[in-house]
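> When you line the sequence shown up against the UniProt record's numbering, it's residues 1 to 482, in that order.
No wet-lab data here; the hints were simulated from the structure. Be aware that one or more of the hints could be misleading.
As a list, the in silico BS3-like pairs of lysine-lysine whose alpha-carbon atoms are at most 27 Å apart [claimed, not checked]:
1) K434 to K422
2) K37 to K230
3) K25 to K58
4) K143 to K239
5) K45 to K58
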Amino acid sequence: MDIRNESADQTFARIIDALRIFRFKPPSDPNHFETFKLGLVQGNKTTVYPILEWLLQKRPELKKRAYLARFLVKINIPAEIAQDEEVENLYIQYEEHIEEFKQVHKNVEAAKSASLPTGDIKKDIKAMQDEKEQLVRRVDRTKKRVQSFPNSASMLQLAQRLRLEKEHEAKISRQISDQRTVIQSCQSRAQRLNQQVKDMRQAAAGSTADGLIARLEEEKKINRYMVTEKLPAEIATEKRQVADLQKIASEPAMGQADLEQYRAKMREVNAEINQLIEKKMMAGDVRDDKASLFRQQASIVSRKKAAAAEALREAREELNRAEEELQARRATLEANRGQQGGGEEVLKEAQFREYVAKLRTKSTVYKEKKRLMNELIAENGILTRTLEILRQKEEAVKRQISQAEKRAGVSGYSDTQEQLEKVSKMMTQLNQKKGDTLEDMSRIIGELNKRVNEKKNELAPLIRELRPLREEAKVCGCVCLK
């Protein structure tokens with residue numbers, strides 16, 4: 001297109017539409033937007049270069065988007081032409097073809113992503129051919145080796161039978177595994193049905209026919225409310241949201257001017273709504289007030305019913321999830337027990353009740369011990385606080401005594417007396433220690449004297465025998481000298 005034959009506004013509109021298709025975000029501020037518009041029309045480098053940089057960085061993605069825009073960007077038809085019946089039918093067909101193109105394009109993309117590249121397929125085929133050639137060569141070598149034996153034909157038949165028997169054995173093993181899985185599934189289903197029967201019996205125990213009918217009536221009312229009011233309202237809400245989203249998706253990308261226009265319309269509509277509300281409040285009477293009160297109460301009741309229904313739905317979903325998890329864990333446990341050849345036995349109902357009773361007894365003992373411990377901790381806190389109070393009182397009494405001593409002119413008397421008492425106590429302890437030491441010394445001296453006397457008594461006979469010997473020794477010495 002020759003831009004010399006179109007106005008600046010047309011050029012800018014055409015370029016900005018293309019940029020919107022590429023999801024380029026122009027400046028949102030009005031002043032910056034005018035500068036951006038002027039720079040884009042005049043080809044200013046500060047405006048064009050950032051756009052080109054952004055486009056080149058996302059070239060593969062924008063290439064795909066430009067291709068899709070040729071088929072997905074809808075044609076804007078003026079309102080006076082769109083009202084024509086033939087044009088409207090053609091436009092509906094046009095939208096259907098667009099949706100068909102979207103689906104076909106999605107399928108093509110999915111097929112491209114799912115299919116392997118051609119090069120990889122060729123490599124796999126070549127690798128399989130090479131492997132086939134290797135196997136053929138190995139078979140030929142084996143045949144040549146086997147043909148040299150005299151009974152090669154019978155050995156080949158035996159090998160073939162062995163291979164067939166192994167394949168048959170593997171098939172039987174798979175069938176056994178499948179049958180075990182089926183048996184475990186049936187056992188799990190039987191346990192689930194037995195549990196349901198047991199629950200139904202427990203629920204029916206002690207109940208009368210009138211009670212069962214009343215409960216069924218209540219469940220019927222709840223289900224009727226869910227089917228006739230809650231679920232249709234939710235479906236209608238979801239449909240409105242889907243319609244709004246489809247409408248938004250079908251419209252072309254909006255710019256800042258479009259947003260400002262919609263905001264202005266919203267402000268006008270809100271102002272009209274406020275005016276209507278004010279007029280209604282000014283023109284309202286007592287009957288309208290009562291009706292509004294009743295409507296408010298009905299709305300509150302409706303919200304409570306919806307909240308209760310939602311809570312019921314969540315509780316049922318939680319119950320279903322818990323039952324599914326329970327059954328899955330039971331099946332896993334049974335499978336593990338089957339693989340381990342028995343394994344640890346699962347607690348029966350009576351054993352579990354006994355375990356719970358023991359646990360409750362231990363819990364009672366624990367609570368009693370914890371209560372005693374808390375009482376002791378509290379008593380310790382009270383005693384600690386009492387000791388702190390007594391110390392504070394002692395300090396206060398000491399301060400009072402000190403002040404009284406100062407007034408009497410005998411300052412420091414109590415401290416001196418306390419020190420004298422301490423010294424006296426220390427002297428008493430020292431004297432006691434000295435007395436104990438003297439007693440120990442006297443006892444030791446007595447023991448030593450006793451031992452000395454004992455030794456003297458032992459030596460006395462020896463001394464008496466030694467004296468004559470000394471006399472004889474002297475006489476012998478004199479004789480020797482002569």
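> Report the numbers of all earlier hints that the structure fails to satisfy, in ascending order.
Hint check: 2, 4 fail, others pass.
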